[in-house]
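With the hints as a guide, dock the two chains, each given alone in a separate frame, to form the complex.
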Amino acid sequence: MTGKWNGKKYKLERLLGIGANGQVYLATIGRSVCALKLGLEASELQGEANVLASLDRAQRARGKPPFLLDVDDYTQEDGRDVPFYSMRYIPGLPLAPYLKRHGSQWIGVIGHRLLERLAELHEAGWVFSDLKSDNVLVHDYGRVELVDYGGVTAIGRSVRQFTEIYDRGYWAAGSRTADEAYDWFAFAMLWLHATDGKRLMMLSRTRLPQDRGIEDLQRLVRTNPKLRPLTEWMDRAFHGQFENTREALQQWRLANRSKSTAAAAAQSGQSQVPGWMAGLLFISASLCVLLIAVWVFQS
Amino acid sequence: MNQILLITDGCSNVGDSPVTAAAQALAEGISVNVIGVVDDGTIGEHGAREIAEIAKAGGGMSRIVSSRQLSRTMQMMTRMTVAGTIRQAVNLELKQLFGLESVGELPPSKRAEVVRVMDELEETSELRVALLIDTSASMKPKLHAVEEAVRDLALSLKARTGRSLVAVLHYPGVNSRIPCILDCAWTTDANRLPHLYARLRMQGATPTGPAILAAVDYYRETCGMINKEVAETPPKLAGDSSGVRSDYVV
Chain H
1 MTGKWNGKKY
11 KLERLLGIGA
21 NGQVYLATIG
31 RSVCALKLGL
41 EASELQGEAN
51 VLASLDRAQR
61 ARGKPPFLLD
71 VDDYTQEDGR
81 DVPFYSMRYI
91 PGLPLAPYLK
101 RHGSQWIGVI
111 GHRLLERLAE
121 LHEAGWVFSD
131 LKSDNVLVHD
141 YGRVELVDYG
151 GVTAIGRSVR
161 QFTEIYDRGY
171 WAAGSRTADE
181 AYDWFAFAML
191 WLHATDGKRL
201 MMLSRTRLPQ
211 DRGIEDLQRL
221 VRTNPKLRPL
231 TEWMDRAFHG
241 QFENTREALQ
251 QWRLANRSKS
261 TAAAAAQSGQ
271 SQVPGWMAGL
281 LFISASLCVL
291 LIAVWVFQS
Chain R
1001 MNQILLITDG
1011 CSNVGDSPVT
1021 AAAQALAEGI
1031 SVNVIGVVDD
1041 GTIGEHGARE
1051 IAEIAKAGGG
1061 MSRIVSSRQL
1071 SRTMQMMTRM
1081 TVAGTIRQAV
1091 NLELKQLFGL
1101 ESVGELPPSK
1111 RAEVVRVMDE
1121 LEETSELRVA
1131 LLIDTSASMK
1141 PKLHAVEEAV
1151 RDLALSLKAR
1161 TGRSLVAVLH
1171 YPGVNSRIPC
1181 ILDCAWTTDA
1191 NRLPHLYARL
1201 RMQGATPTGP
1211 AILAAVDYYR
1221 ETCGMINKEV
1231 AETPPKLAGD
1241 SSGVRSDYVV
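Respectively, the protein sequence lines represent chains H and R. Sequential numbering of the first sequence, starting at 1, is according to this note's numbering. Sequential numbering of the second sequence, starting at 1001, is according to this note's numbering.
In isolation and in its complexed conformation, chain R is listed as follows (with noise of 0.2 Å):
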């Protein structure tokens, strides 16, 4: 299970758009969830409406919620993609088999006993999240919450029985050419993970497109992914298993 999850409080204003972008990412078998942040007043029509594009053309989850909202809301999308992905799988093998339209259609009986299994497959199955995180100069005010909502989600990611992992990247990065940057690498720790207070850069620009296509590209170096088949081994990383933290530029 792969996911991108975008957290931003705005529209996209540089670079190809982020719906493309999206697209692309569940072409390679990774959904991308995206939560909008607004404290004071709206986020627009225009970026609500981006919002829930981007998530529909990456498969995934999108809502509009507070910064104090932030943390349940991570650990629900979080869940739900993981479940959503496992649902589709096993009502696609009922109906080949049986064919049923969902799990629903069978005997309580046998009911149980799928969505046992689906219970199982949801707590042990490889999940890894790459959390890419908007830091323009509007996201200032509520960076606090959304790294402590990461800690959060790293936190309880960390209690499950199966292998998660999670990224953590920022945008916008340091130019045209480098639209995102790594700020910590794949991890089981929820110590490891960075303070993005520090990392805000003050601009204006948000190219999200070229951001979510980066996110992907680090997805595909660390993961050696080939048409949605993820490597068995465990990639080799910087970060992994030392204890230092290097800043790697995606």
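Chain H extracted, bound-state conformation (with noise of 0.2 Å):
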């Protein structure tokens, strides 16, 4: 397909996935690959991008390359235009997938990375508003992108795009207007999502609406022993206490820190000599002694 305005050319390989309002596919054009966006209604479809190349503009202080890479309409067969943007394309596992397949000792650097890049964002004055697994694509050592844009929403406003349980309304934890908090209480839904799904499911089926509350995440946190020890961590999270998502990204280093230096502990307390073998070897020792005794008596 051609596009109208630009003149590009581009060659649809396979579809990423559908959205709400459009689908993603999977382009060449000439010998580099992109996703691209088809949307459905024009208007919508430039918001997004309008919010890709404000954050690209934001981006580019920072010395990053740029997301947003065309924006135009293609005329199909029929006449109809299909508004478009193209984009730089990533690659990658959604969070859930990549945690089940590299093990959850990776949480503390895909954290790490995610909190830098929303703090990017909430630093540009959007608020990513629609966090889920299947937004945050990893790639090799746990780099992390963030696709589908469609949420993003200014501070202040109502937030546009959402998914139920990784929304703070719905845990009557906060109000549904864009605000960093809104994307730290998402992130921590990100973990409870990724390494115990079945249970937060389970929950948010049977609580009532009215019953349900931060307490039930809470609880789910602390028993779960791969989140255990960012107990503190999640629980600031779900209820909005960090000064700025900075302060958020020190404490998850800080919390991820002492949890390495725990595990390690309790590591080398197992690799010590258990007791009751030592035990053994006191017996075995003094037999010995016994025996020779024994000998030395007896000749």
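To be clear, the hints were calculated from the coordinates, so they are not data collected in a lab. It should be emphasised that the depicted structure is a prediction, and the values quoted were computed from it without experimental measurement. Mixed in with the good hints, there may be bad ones.
[As the list claims (entries may be wrong)] Sample of chain R residues facing chain H (criterion: CB under 8 Å; computed from the structure): (1) ALA1057; (2) LEU1092; (3) ARG1177; (4) THR1188.
[Unchecked claim] Lysine-lysine pairs mimicking DSSO-like chemistry, simulated, CA-CA at most 27 Å apart: (5) H/LYS100 x H/LYS259; (6) H/LYS8 x R/LYS1095; (7) R/LYS1056 x H/LYS259; (8) H/LYS64 x R/LYS1095.
We treat Cβ as the ideally placed atom computed from N, Cα and C, and that holds for glycine.
This is how it looks when you write it as structure tokens:
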């Protein structure tokens, strides 16, 4: 397909995903690849593209490559125009499958990179809003990219797009007005969903709306061996009790660092000689001495 | 430019994964290079794979060499990592400003100027290299070579125009709470480097992962790093200005 205004030629390779307001395809342009989002409604798609362009401007100062590559329309055979935009293709696994494949020891690094990304977004005045496992793609060694910027909302406005179990309103933990804390809550839910999805879904299905609350989530965290060391951090995230996202990042780093030292101490404790074995050694040594004594005595 | 240069001869066998630790280091702005030193025999497939993975996760390079080649390998790696970082940054700028894939796509006249600037940056940027040395029992015969190579590295770094600082740490440390030990705080002076042979611990344990994390902690404590921005003011350190080498447990 060829763009109507900019004339760039794309070849759609395969479908990557379907969202509420369009479809994303893997496409090739010349020798490089990109991701192409075909939208249903021109103004809605343009809104998304605007957010991406604004983020790119903020990112340029940090020396990051642009995300948004091209915005255009495509005229179909029947004469209708389909709006689209192209962006950098992000390979990688969504968060939950990545953790399953590579293990929960990556929680610290992934969380670090994700919070950093969120901090950049927040500092540019935006809230991601629709943070969930499917929108967090992890590729090599914990590197993270957010995809589907359809929900990105300006700080202070009402959240445009969200997923129930990640929404703090659903858990009676706050409003649906976009602020940094909204993303912190969803960030905390990411880990509950990725490490303990079954129990979380069970909880959300069985609790009555008027009974649902943060205490339920806190209980899930405390009883989850992978997340228990992060209980304090998660509590602050549920309650929105950080100064800003940079502070949340600092605290995350500290919490995960002490998680590692605690784990190392526990492991080395196990590698010491167990008591019963030492006891056996003592007994066999004593037997040996006794036998020698007997032999000496007899000869 | 912040680097950790890990020198080891085998697999980690205690503590968290060193691959994750290296990824964490990179997330905090420190690249991790790895040199496997092996004189007789091989480092084993598992060891070789781990060394390569640690470097990949840490955004750095890895090589397996003999102790004879150690010195030049360390210098080559340090320099190439600096050049690589600069090249990445420059290519990014070119892409954003002019839509070019790399320096190579510029016409020769412009290319010359850009490369000149890159060389300038390579020479003048501040560089910190934290050497993290495996001193477990099997490293014993190689430690003299390591010492020499470290001195050599410090000497060539000293020749740079830009400020270059070297710190030396070794592992295993005392126990699991202290996985590695600082032998020499940030210094520009090759003569202040420690004699590693004296610090050898006859232990089988190789807590590479926790040691890397401890080295990252050291960076943070001494450089006040927050999100990859290294503090402009030089850090206050125990051994830097006085002539006394102090044993500081990380």
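Would you check whether R/THR1188 satisfies its interface hint, that is, whether its CB is within less than 8 Å of any CB in chain H? It is violated, given that the least Cβ distance between R/THR1188 and chain H is near 28 Å, above 8 Å.
Measure nothing beyond the straight line between the CA atoms of H/LYS100 and H/LYS259; if it is 27 Å or shorter, mark the hint as holding. holds, 20 Å
Are the Cα positions of H/LYS64 and R/LYS1095 separated by 27 Å at most? Given that 27 Å is the threshold and the Cα spacing comes to 10 Å, the pair holds.
Next item in the hint list is R/ARG1177. Is there a CB on chain H closer than 8 Å to its CB? For R/ARG1177, the interface hint holds, since the closest Cβ of chain H sits about 6 Å away, which is under 8 Å.
Does the alpha-carbon distance linking R/LYS1056 and H/LYS259 stay inside the 27 Å limit? With Cα atoms ~24 Å apart, R/LYS1056 and H/LYS259 stay inside 27 Å; holds.
Does R/ALA1057 hold up as a contact with chain H if the rule is Cβ-Cβ below 8 Å? holds, 4 Å
So, R/LEU1092 near chain H? Judge it on the closest CB pair being under 8 Å. holds, 6 Å
Is it true that the CA of H/LYS8 sits at most 27 Å from the CA of R/LYS1095? holds, 18 Å
The structure is inconsistent with hint 4 alone, although it conforms to all the rest.
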